[in-house]
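On the provided structure of chain A, position chain B as indicated by the hints.
Read top to bottom, the protein sequences are chains A and B.
Quick note: the first sequence uses my numbering, first residue 5, plus one each step.
Quick note: the second sequence uses my numbering, first residue 16, plus one each step.
Note that these hints are calculated values from the structure, not bench results.
Among the clues, some could well be false.
Under the rule of at most 30 Å between Cα atoms (straight-line distance), these lysine-lysine pairs were calculated in the DSS-like manner [as the list claims (entries may be wrong)]:
{"id": "1", "chain 1": "A", "residue 1": "K134", "chain 2": "A", "residue 2": "K89"}
{"id": "2", "chain 1": "A", "residue 1": "K77", "chain 2": "A", "residue 2": "K134"}
{"id": "3", "chain 1": "B", "residue 1": "K69", "chain 2": "A", "residue 2": "K188"}
{"id": "4", "chain 1": "A", "residue 1": "K77", "chain 2": "A", "residue 2": "K54"}
{"id": "5", "chain 1": "B", "residue 1": "K76", "chain 2": "A", "residue 2": "K115"}
{"id": "6", "chain 1": "B", "residue 1": "K100", "chain 2": "A", "residue 2": "K188"}
{"id": "7", "chain 1": "A", "residue 1": "K149", "chain 2": "B", "residue 2": "K76"}
{"id": "8", "chain 1": "A", "residue 1": "K161", "chain 2": "B", "residue 2": "K76"}
{"id": "9", "chain 1": "A", "residue 1": "K149", "chain 2": "B", "residue 2": "K87"}
{"id": "10", "chain 1": "B", "residue 1": "K69", "chain 2": "A", "residue 2": "K257"}
{"id": "11", "chain 1": "A", "residue 1": "K134", "chain 2": "B", "residue 2": "K76"}
{"id": "12", "chain 1": "B", "residue 1": "K74", "chain 2": "A", "residue 2": "K149"}
{"id": "13", "chain 1": "B", "residue 1": "K87", "chain 2": "A", "residue 2": "K188"}
{"id": "14", "chain 1": "A", "residue 1": "K149", "chain 2": "A", "residue 2": "K96"}
{"id": "15", "chain 1": "A", "residue 1": "K161", "chain 2": "A", "residue 2": "K97"}
{"id": "16", "chain 1": "B", "residue 1": "K76", "chain 2": "A", "residue 2": "K188"}
{"id": "17", "chain 1": "A", "residue 1": "K115", "chain 2": "A", "residue 2": "K161"}
{"id": "18", "chain 1": "B", "residue 1": "K74", "chain 2": "A", "residue 2": "K188"}
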Amino acid sequence: MAQSWQQEKEMSNAFWLTLIIKIALKLPRWSVRLLLHPITFFFLLIAPKKRQVSRHYLARALNTKPRIWHIYKHFFWFSSILLDKVYFLTQKKALFDVTFSNRETVICSLKQHPAQFFISGHYGSLEALKACYSSQDYTINPVIKLDHNQTVVNLFKNLNPAFYDNVIPYNGLETTFKIYETLKEGASVALLADRPIENASTISVTFLGDQILLPEGIFEMILRFPFPANIFFSQYQGGNRYHVHCIPMPVEKEDTPHTLAQKFAHILEQQCLEAPYNWFNFYTYWIEPNHDI
Amino acid sequence: MLTPEQLEVANLIINAVNLEDINANEIDPNEAIFNDGLGLDSIDALEVSLELSKQFGVKIKSSDENINDIFKSLASLTEFVQANKTY
Numbered sequence: 005m006a007q008s009w010q011q012e013k014e015m016s017n018a019f020w021l022t023l024i025i026k027i028a029l030k031l032p033r034w035s036v037r038l039l040l041h042p043i044t045f046f047f048l049l050i051a052p053k054k055r056q057v058s059r060h061y062l063a064r065a066l067n068t069k070p071r072i073w074h075i076y077k078h079f080f081w082f083s084s085i086l087l088d089k090v091y092f093l094t095q096k097k098a099l100f101d102v103t104f105s106n107r108e109t110v111i112c113s114l115k116q117h118p119a120q121f122f123i124s125g126h127y128g129s130l131e132a133l134k135a136c137y138s139s140q141d142y143t144i145n146p147v148i149k150l151d152h153n154q155t156v157v158n159l160f161k162n163l164n165p166a167f168y169d170n171v172i173p174y175n176g177l178e179t180t181f182k183i184y185e186t187l188k189e190g191a192s193v194a195l196l197a198d199r200p201i202e203n204a205s206t207i208s209v210t211f212l213g214d215q216i217l218l219p220e221g222i223f224e225m226i227l228r229f230p231f232p233a234n235i236f237f238s239q240y241q242g243g244n245r246y247h248v249h250c251i252p253m254p255v256e257k258e259d260t261p262h263t264l265a266q267k268f269a270h271i272l273e274q275q276c277l278e279a280p281y282n283w284f285n286f287y288t289y290w291i292e293p294n295h296d297i
Numbered sequence: 016m017l018t019p020e021q022l023e024v025a026n027l028i029i030n031a032v033n034l035e036d037i038n039a040n041e042i043d044p045n046e047a048i049f050n051d052g053l054g055l056d057s058i059d060a061l062e063v064s065l066e067l068s069k070q071f072g073v074k075i076k077s078s079d080e081n082i083n084d085i086f087k088s089l090a091s092l093t094e095f096v097q098a099n100k101t102y
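Isolated chain A (complex conformation) (with noise of 0.2 Å):
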């Protein structure tokens, strides 16, 4: 059986966070990216259950038998990542080398359609998304459970309170409400839909081979509220490097929750093809494993 992520213990303590956070504000972005390989290596020694997941989902993602190094590289792109969050809160895009596919035309259509939606997965850095995309034309509110892991929350929160105004928290049904609400209001949201939220209804879809649940309640809405709907990576691609596209959503007529939600599986299986180490699900994500690979 999957277990609930939320159940999963974090890995990354308060007490490590707050150090880096101090150091990162501190010191030059090379220098503690060196500290991060000790970090990483530690947290690669206590955390069995988290390599034999990351051994599992690289098993399908690379084209070769995953060995310690390749688990030990998604952990160090998730540290990495979650360093460079705490730049990218901190107005300090200049840092990084961002490239875009298709900016204006998404540029210009949320100018045309300022509500929308934007889905993505675990996948990549959130923060790079919206250091790309933030404008007074409009405004992207991202759907997250801040009950989840507080500590972190509050830590990132501390960084830039003004990027957490208009999250718009994960709190069951009024959550959906909050949702219509603001795209109705002109905004669009952005919603992570790789993982299952407890006490909602899930839809099972192939990804990587397994079967993994994922959120029904997303696609639901996608399909019965008329706004458009995107879905968008901001891609890790090593050093100082982050690529950020999106792409409109495949939505058809005849489209159901359990379709669209394949379809989405299915491109975001491209992406982690593409660029394995960026997506970050460390817990036991799938109900039924393949057993061929």
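Using the frame of chain A, we list chain B on its own:
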């Protein structure tokens, strides 16, 4: 046995979310609307609220603190509609 007001709201729910195989008179007014009860989800609740707004001028908002209590059962929803309807 449903009150005439509860029956009206029950029919509105049935029409709003296409519960074709449910007869309004068979609904237990104190039964849960979500999951095990009528089996509605949060998006159905939103559809119901949009319909309530159209038919009775009742506005249910995310900022309403008791939103979960309003949608607890047919009885609680009807009570809210009666207390807040504008036409």
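Now for the hints, and whether the structure bears them out:
1. A:K134 to A:K89: 11 Å, holds
2. A:K77 to A:K134: 25 Å, holds
3. B:K69 to A:K188: Holds: B:K69 and A:K188 sit about 16 Å apart, inside 30 Å.
4. A:K77 to A:K54: It holds: about 13 Å lies between the C-alpha atoms, which stays within 30 Å.
5. B:K76 to A:K115: 27 Å, holds
6. B:K100 to A:K188: 22 Å, holds
7. A:K149 to B:K76: Judged against 30 Å, a Cα distance of about 20 Å means the pair holds.
8. A:K161 to B:K76: Given pair A:K161, B:K76 holds - Cα atoms ~26 Å apart, limit 30 Å.
9. A:K149 to B:K87: 23 Å, holds
10. B:K69 to A:K257: 26 Å, holds
11. A:K134 to B:K76: At roughly 27 Å apart (the allowed maximum being 30 Å), B:K76 and A:K134 satisfy the hint.
12. B:K74 to A:K149: 26 Å, holds
13. B:K87 to A:K188: Holds, at roughly 25 Å.
14. A:K149 to A:K96: With a Cα-Cα distance of about 25 Å, the restraint between A:K149 and A:K96 holds, given a limit of 30 Å.
15. A:K161 to A:K97: 18 Å, holds
16. B:K76 to A:K188: Answer holds: B:K76 to A:K188 is near 12 Å, not above 30 Å.
17. A:K115 to A:K161: 28 Å, holds
18. B:K74 to A:K188: Roughly 14 Å separates the two Cα atoms, so the pair holds.
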